[in-house]
Structures are given as structure tokens and as C-alpha cells.
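> Same order as they appear, the protein sequences are chains A and B. Take the first sequence: its position 137, counted from the start at 1, is 137 in this note's numbering, and no numbers get skipped. To get this note's numbering, take the position in the second sequence, counting from 1, and add 1000.
Please keep in mind that the hints were generated in silico from the structure rather than gathered at the bench. In this text, all values refer to a predicted model and were calculated from it rather than measured experimentally. Wrong hints could be hidden among the right ones.
Not the full set, but computed from the structure, chain B residues with beta-carbon under 8 Å of chain A [as the list claims (entries may be wrong)]:
id	residue
1	V1052
2	A1053
3	E1056
4	S1063
5	L1066
6	L1069
7	N1070
8	L1076
9	S1077
10	L1081
11	N1127
12	A1132
13	G1134
14	V1139
15	G1142
For glycine and all other residues, C-beta sits at the position ideal for the given N, C-alpha and C.
Read off the chains here:
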Amino acid sequence: MKEYGLLYWVAVGVIALLVASPFLSRVLVYPRTEFFTELWILDADHRAENYPFNVTRNQSYTIYLSVGNRLGYCAYYLVQVKFRNQTQTAPTSFGPIESRLPSGLPSLFNMTVFVADEQVLEIPITFSFNYTWDEQFSKVKLSSLRLNGVELNMSNCILSWDADEKAFRGFLFFELWLYNSSVNSFNYHGRFVGLWFNMTVTV
Amino acid sequence: MGLRFRFCLVFLFVLVVSVVGVSLPCFGVGSSDAFSAISDADGRVVVCYRAVADAERAGANVSSLLEVLNEASWLLSRAKLAYSQGDFDSAVVYANECRFMLDGFVDEADGLRRSAEAAAHWDFMVNFVGSAVGAICVVVCGYALWVFLKRREK
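Please build the complete structure, drawing on both the sequences and the hints.
Below you can see the structure in the form of C-alpha cells.
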């Protein structure tokens, strides 16, 4: 009996571990410690390569805006669509993400989206700009942005000629806000993505 | 002549007042109606979101519910945009569409939550309690068998 003792107890231990494996798989899992949101833009081919830059008046372009939720709960987000020229205020990009500030510009359009925990929501964005070129003052005056079939007024936006880049440059960006159920309102979530465009004009 | 002119003037005034009074409610809604419709829809979206969040916390698969909620919230976004542009008719239409889309949504989410809670309870009893108790039983039975075999050997 003694010579089989070790073998016997090893067999008992292995069987006990097998039976306890569902219990252990729950107890020994390392808890999630990082909770955050991902935000990114892809081009029309779902790649980060051929983003539109030189845009033509009333020509439609497609990009994909994605929101990845790693917050540990189903999140209610607000995406604010904004547009700025080179002199207008941008959202802050440096420092701790909690203390970053949104752009002071008014939102052109607000989209609210819901994303389950550990899920990614992809929003196709099809847009076109309508603008006129003031040749005399070398300025581009934007009149509207058509975004996913919705006409947005941009009549206050003027782009000046950028001599360094040799372009009429404007920045379309998407700020992410997160619903805070305790105060029943949205707080800036410290994240934004956007694309610079050159509004091409025909001479 | 003067009397006839005054009569015509009063008649015209009464006609204009009555026509405007009757036709205003038919032709459009005011900003307060639109604001109220949007507030209702907004409140309903928040209530539905909380129901979905509770269902997800209980372990339910809420992807189909979120699709509906995202469609409804898109309509609400359109309603708010229409309101900001002064298009109150469209604002009310979009807000009402949003509300109709969410009819019965909370009940569905609560149903999913209850199912998930029942499944989670069963899962806990089998995979957590059952597994731990089973492992202890294996060790105790192994020891009992070991003692029995040793006594039998003697």
C-alpha cells in the first residue's frame, strides 16, 4: 500500500483540481484595472492610409468613426461634430486625459451612441462641404456641411490661405462626451479625433 | 359710404382673425410643443439606457437592444437639430418617432435582465459552489478510501 501512496494522492489531487477548475477559473482571474474608451477614424477602405485631404466642393467622402468601450459598463456617449480653421480654438491634447478641455466652438451636430462593454461601434460618416471661393480676398467661405444626409449650417466659417501649406485648411473633428448618470448630463471625455482638409478651388 | 366702409373693415378683421385662429394649429406646432416632445423623448432614451445598463450588468446580451436604442437616439439627434434650426414640425415628428420606437423597450430589457439573473444564479450554483464543494468531496472521499484501504491491509 505504501509504495502506491504517492501515486494515489497525486491522482486524488488531479481529480480534485479538475473538479475545482470552474471555481478556480473565476477566483484566479486577474481583475480589470484599466477602464477607458478608444476613439479612432478609418478611411473608406477601413484602413488608416487614404484619408481624404484635398476635398472638392459638394463631393461626398466616407470615413468610419469607431468608439471602443472598455469602461466596464454599457456607455452612453455623445459625439459632437465640430469644424475649425487654423486660428480657432482646438480641444487640448496634452496633460492628464481627465483634465483636458473641449474646443470652445459650438457643435454643428450632436450624435448620441450607446456601446456595450468590450464592444466597438463603427459609425459610417459620409460628408461633403459646400463653399465658395473669394478670389479677391483669397478666402474660402463655407456655407454648409452635409453629414450622413443632414444639412448643417457653417455660414460663420471662413478659411484663409495658408501660405506655408499652400492650402485652404480646415479641421473637421469629433469630440467624445460621456453621460454621467449621477448628474444626468454629459461630461467631456477628454478624447477627440479629426481630419485636416484642403478645400480645393478651381482657378 | 363711411358706414359701409367701416362694416367692410370690421368684417375683414373678423375674417382674418378667424382664419388665422383656425389655421395656425393646422399649419405648424410651436416651439414649446417641440421642446416638450424632445424632452419626453430624451427622458425616455435615458430610462431605456438605464434599463439596458441594468440588463448588461446582470449578464444579458444587449446587442439587439442597443441597435434599437442607437436608431432611436439618431432620431432624437435629428429632432434636436431640427429644433435648433427652427423647424419645429420636423422636430416633433422625429421626437415622436423616437418615442414610438422605444415603446415596450423597458419591458424587453427587464425581461432580459430577469432571464440573465436566473441564468447567472444557476451558473453560480453549478460552476462556483458546485465545483468547490465537488473538489472538497473528492479530497474527503479520497482520504476515506485511503483510510479504508489501509485498515483492510492491516
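> Hint by hint, note whether the structure agrees.
Okay, the hints, checked on the actual structure:
no.: 1; hint: V1052; result: 6 Å, holds
no.: 2; hint: A1053; result: 5 Å, holds
no.: 3; hint: E1056; result: 4 Å, holds
no.: 4; hint: S1063; result: 6 Å, holds
no.: 5; hint: L1066; result: 5 Å, holds
no.: 6; hint: L1069; result: 5 Å, holds
no.: 7; hint: N1070; result: 6 Å, holds
no.: 8; hint: L1076; result: 7 Å, holds
no.: 9; hint: S1077; result: 5 Å, holds
no.: 10; hint: L1081; result: 6 Å, holds
no.: 11; hint: N1127; result: 4 Å, holds
no.: 12; hint: A1132; result: 4 Å, holds
no.: 13; hint: G1134; result: 4 Å, holds
no.: 14; hint: V1139; result: 5 Å, holds
no.: 15; hint: G1142; result: 4 Å, holds
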